[in-house]
Amino acid sequence: GAVVSQHPSRVICKSGTSVKIECRSLDFQATTMFWYRQFPKQSLMLMATSNEGSKATYEQGVEKDKFLINHASLTLSTLTVTSAHPEDSSFYICSARLGRNYEQYFGPGTRLTVT
Amino acid sequence: GQQLNQSPQSMFIQEGEDVSMNCTSSSIFNTWLWYKQDPGEGPVLLIALYKAGELTSNGRLTAQFGITRKDSFLNISASIPSDVGIYFCAGIGRGTYKYIFGTGTRLKVLA
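Each protein sequence line maps, in turn, to chains B and P. Heads up, the first sequence is in my numbering, so the first residue is 1 and it goes up one at a time. Heads up, the second sequence is in my numbering, so the first residue is 1001 and it goes up one at a time.
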């Protein structure tokens, strides 16, 4: 149980274009979903927290107009990287929180490469 | 952003050996969690700890919530090649459910 999927697993896009990444909780309803970014050989850095039906809360230093988050339902959150630049290339990972539980279950990640 | 200190940063061990790693913080946490991440994958939850002093096992893995609430330990007994990966601790402070991740311990097992 507690499976989280992400799509796509890999994406290559050109500078200036936008990319949408989907995060789904497959067998549970997620009260909260989180988006992280991970650079090579580094830890995960929280970008934003999203709750279904409300605006996402962004961490300090994360541009909300660049990283658009939509939490449309209890099982789906999307992250759109707008006007992508090469420095946006990274591994993006989502996670979902189950009920009142503190535990987060992570998706398999999306490798974004901006050329 | 804030990160927790993990030690060691990396380690090579022989198959069959026991492994110990720890995670320390300058502030108190109410929950400690340990995850394993394989290359190109998302982290997988190993153990969650909710009380100071708590000792919890999951197969060959044992984790402890430090008495001071500022540290946590993970032990792996009789390591096997598939234990290779990066181990992250995560802490949750009071009044929040957001994780603070550790810097990670990279484990390599020599067969």
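It is worth saying that the hints were derived from the structure and are not from the lab. Just to be clear, a hint being listed does not mean it is correct.
[To be verified] Here are the simulated SDA-like cross-link-like pairs (lysine to any residue), alpha carbons at most 25 Å apart as the crow flies:
| no. | chain 1 | residue 1 | chain 2 | residue 2 |
| --- | --- | --- | --- | --- |
| 1 | P | K1108 | B | Q60 |
| 2 | B | K41 | P | L1055 |
| 3 | P | K1098 | B | Q60 |
| 4 | B | K41 | P | I1067 |
[Unchecked claim] Have a look at the derived ranges for each label pair, beta carbon to beta carbon:
| no. | chain 1 | residue 1 | chain 2 | residue 2 | range |
| --- | --- | --- | --- | --- | --- |
| 5 | B | T31 | P | Y1050 | 15 to 21 Å |
| 6 | P | S1007 | B | N101 | 37 to 43 Å |
| 7 | P | T1068 | B | P86 | 39 to 45 Å |
| 8 | B | E87 | P | D1038 | 37 to 43 Å |
| 9 | B | A72 | P | L1110 | 24 to 30 Å |
| 10 | P | G1016 | B | P86 | 43 to 49 Å |
| 11 | P | R1060 | B | N70 | 38 to 44 Å |
| 12 | B | P86 | P | Q1002 | 48 to 54 Å |
| 13 | B | T80 | P | Q1014 | 28 to 34 Å |
| 14 | P | G1016 | B | S18 | 46 to 52 Å |
Where is the CB? At the ideal position from N, CA and C, for every residue including glycine.
Decide if the proposed pair is consistent with the structure: K1108/P and Q60/B, CA atoms, cutoff 25 Å inclusive. violated, 34 Å
Is the gap between the beta carbons of G1016/P and S18/B within 46 to 52 Å? Given about 50 Å between the Cβ atoms, the range holds.
Tell me if the beta carbons of A72/B and L1110/P are separated by a distance inside 24 to 30 Å. violated, 47 Å
Is 43 to 49 Å respected by the C-beta to C-beta distance linking G1016/P and P86/B? Once the Cβ atoms are compared, 45 Å apart, the range 43 to 49 Å for P86/B and G1016/P holds.
For the pair T80/B and Q1014/P, does the Cβ-Cβ distance stay inside 28 to 34 Å? Between T80/B and Q1014/P, where Cβ atoms are some 47 Å apart, the hint is violated.
I want to verify a distance hint. Is the separation of the beta carbons of T31/B and Y1050/P within 15 to 21 Å? The hint (15 to 21 Å, Cβ to Cβ) holds, given that T31/B and Y1050/P are roughly 18 Å apart.
For a C-alpha distance cap of 25 Å, please report whether K41/B and I1067/P respect it. With Cα atoms ~30 Å apart, K41/B and I1067/P exceed 25 Å; violated.
Within a Cα-Cα threshold of 25 Å, do K1098/P and Q60/B meet the stated pairing? holds, 14 Å
Range first: 37 to 43 Å. Now tell me if the beta carbons of E87/B and D1038/P are that far apart. Violated, at about 26 Å.
Should the hint that S1007/P and N101/B are 37 to 43 Å apart at their CB atoms be regarded as holding? violated, 28 Å
Whether the CB-CB distance between R1060/P and N70/B falls inside 38 to 44 Å: Since the Cβ atoms of R1060/P and N70/B sit about 41 Å apart, the hinted range of 38 to 44 Å holds.
Need the status of pair K41/B, L1055/P: alpha-carbon distance at most 25 Å? Distance ~29 Å between K41/B and L1055/P Cα, so the pair is violated.
This entry does not satisfy hints 1, 2, 4, 6, 8, 9, 12 and 13, going by the numbered hints stated previously.
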